[in-house]
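J.: Each chain, letter by letter, is given below.
Number of protein chains: 2
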Amino acid sequence: MRRSRLLLPTLKETPAEAEIVSHRLMLRAGMVRQASAGIYNWLPLGYRVLRKVEQIVREEQDATGAQEMLMPTIQSADLWRESGRYDDYGKEMLRIQDRHERDLLYGPTNEEQITDIFRKSVMSYRELPKLLYHIQWKFRDEVRPRFGVMRGREFLMKDAYSFDTDFDGAKRAYNKMFVSYLRIFARMGLRAIPMEAETGPIGGNLSHEFIILADTGESEVFCHRDYIEHDVLSHAVDYEADLEPIVGFWTEKYARTDEKHDPAAFAAEVPADKQVSRRGIEVGHIFYFGTKYSAPMGATVSTADGQSVPVHMGSYGVGVSRLPAAIIEASHDEAGIIWPDAVAPYTVGLINLKTGDAACDTACEDLYNRLNSNGFDTLYDDREERAGAKFADMDLIGLPWQVIVGPRGLANGQVELKRRATGERHEVAMADVPARIAAHV
Amino acid sequence: MRRSRLLLPTLKETPAEAEIVSHRLMLRAGMVRQASAGIYNWLPLGYRVLRKVEQIVREEQDATGAQEMLMPTIQSADLWRESGRYDDYGKEMLRIQDRHERDLLYGPTNEEQITDIFRKSVMSYRELPKLLYHIQWKFRDEVRPRFGVMRGREFLMKDAYSFDTDFDGAKRAYNKMFVSYLRIFARMGLRAIPMEAETGPIGGNLSHEFIILADTGESEVFCHRDYIEHDVLSHAVDYEADLEPIVGFWTEKYARTDEKHDPAAFAAEVPADKQVSRRGIEVGHIFYFGTKYSAPMGATVSTADGQSVPVHMGSYGVGVSRLPAAIIEASHDEAGIIWPDAVAPYTVGLINLKTGDAACDTACEDLYNRLNSNGFDTLYDDREERAGAKFADMDLIGLPWQVIVGPRGLANGQVELKRRATGERHEVAMADVPARIAAHV
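The listed protein sequences derive, respectively, from chains A and F. Going left to right, the first sequence walks through residues 1 to 441 as the working numbering numbers them. Going left to right, the second sequence walks through residues 1 to 441 as the working numbering numbers them.
Misleading hints may appear alongside valid ones.
Since copy identity is lost for identical chains, a pair holds within one copy or between any two.
[Stated by the list, open to error] Keeping only pairs whose Cα atoms sit at most 16 Å apart, straight-line, the calculated EDC-like set for lysine to aspartate or glutamate is: (1) Lys120 with Glu13; (2) Lys354 with Glu384; (3) Lys418 with Asp226; (4) Lys91 with Glu101; (5) Lys52 with Asp341; (6) Lys354 with Glu365; (7) Lys171 with Asp333; (8) Lys91 with Glu244; (9) Lys12 with Glu101.
Calculated from the structure, these hints are not laboratory results.
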């Protein structure tokens, strides 16, 4: 993409309303713009990151055997009256009346809806287990939305739902999601630690939050240092195998959110030099809640011996639109964002130091075509701007690689190759650029 | 995917509420389920088609140089008061108040929102032209939603917006979208004819609807027979070249929707044997509306000579969630859907005629792995069901190829390969199946 074409309104000044670094950098890097309180437009650069994050979530959910579908954003209030949550949910639920004065709502979550689909579609234990997910926008009418997309009102979430005949089956589904979440966040370059958590309005009796440690985190978390130092699962997993060893490893030591924190147990179970107390950002949350929805809503299956039993369910969320912000919290410096390769909006930023100079223009066009045809998405800064402004912008938006083309180097057929994460720079022959990048990606 | 795992609740009976064939078949094939009036759940099979349609739209929009972004579903009423459309829009707009009693709405379209983004981000003519699009859910509170996803209340749309300094630039953008739309629908196996149309609540003075001829269409259309017989653009296009010859061809002869129809002109311009009067389904609509939004909302750019001028805009919609239904209207038979290859939810349906028989099971597992590893998405009907029920279901869901495995054929190492569209069947050696399919796809 040529920068002159891209809608990329970077800002030099730090917007006053942004309290945390990810919010500041997302605004300054032209990734998002607020539409109204807690509701954001994703501009092209930001949307590319969001889609990469979404695609990683999708691939890792598909790997478990989960099936993607899509439930609508607007739900009927009737379903929520059946489960008993319509009145419980309070003012965070955006309630709506249509032209016929029917009560609707903008879904904050989808347990009722998926239970309704299930009870109308699945009748027999022979059709279980089922594991379904969707990636859809949701709305929670926060009193005071803040921190940009980290705590917006309209937000994108992946939520999965599992259906099994009994607890053992449900625990197998829970384990699949647990392991899938380890992989999802690891692929984005994040260290997300599973921690015991309260179940909140979703309900249930088994629940883990996946937490990224960050000083700007919304809540305090407590865990054994081993979890911070241990490599998060990065190899492929056979989801049909027994996953209990992996889940066991990540749950045997102390790791709890503040709501579940027990100072006495923490002191007793964790040696003093292994006690970690930090702030954290929640990026995923998984629940097992048994028959909480299936029983009142009549989501039953017939068993082998002809009985009718309510199904055991779980739900499993990933905060998709919050992840680009969480990644920035974990990966930035004074100059701007440092994107991990897997979620970078473009792999390479190509800087023409002297737009209008025939040699520089020709070399850049050539490199631009060569990089793109080698499969490296490239953003080419072809604007007539000062070199300093181009450097600052490119560091700000944080693409993994910069290729800098100026008249002096070109005289020797050389360009500069810079790795954003380390700041390392090398003079490289033009023809070698794609191979040098390929060697690292 | 194994059928035993997939949530695919096919129906033998025709649902009473469905008035048109696409609605009937989408319900029967387990593609969608109504959540509430005019609001649909997309089950896994339907969602695969929706995503393929969406991806074709995305690729063909990207090819024009348009940039993808995402605007939220919930908008502030204030913007619509600025453009003057808040009161105009009537009861079709879903109006909402949040907990602070601020007026919001569920966007039925996005001209105001994109104009607001533009005026805050782009200041100079040097940054033009710009072409932006998003694919997002919208809501129109129809009095009487009907025909399934063809005329739902919550629906998915691709809408693009163009920004240029003058009419000539805007016309170039209009032409790009015009040609892109010809390609989009052709890739889905549809013949969509551009027809002069009214502009409705979007406004403007140049507008074409892209219409698929179908007896179940919502409105009457009138056109020259040549457009029905001419091949729709299927080759790649250089969007930087002059597109006027292509647009000229598709606009020089009579082709109008009923609102624009002029019987006298029709009779005068079109020879009697070339006059076509049919019903049609609108799948796309493009508008040029000049400064209708930019002038009242102050979306201006500075020109080369230092003046400030409102930008010329156009908007360009594709009814993404309506397209799977439109494709079915155009491609089905008595037995069910016939998916064009490009949008089929799976390429191959593998039928095990005798689940439980060791030879059949082994052969099917082998074919299932071989087809998938050759890149043919395969749905394997591994259920214990009568052969007749499996045949009927497979015809109903309309995958392009069926591979039928039974004990008799297997004795000679043969399976049956059936092309859904033609009904042609061939005995084929097991090892040859992937190659035979590859030869046609």
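J.: Checked against the structure, which of the hints given earlier come out wrong?
T.: Of the numbered hints, 3, 7, 8 and 9 do not hold.
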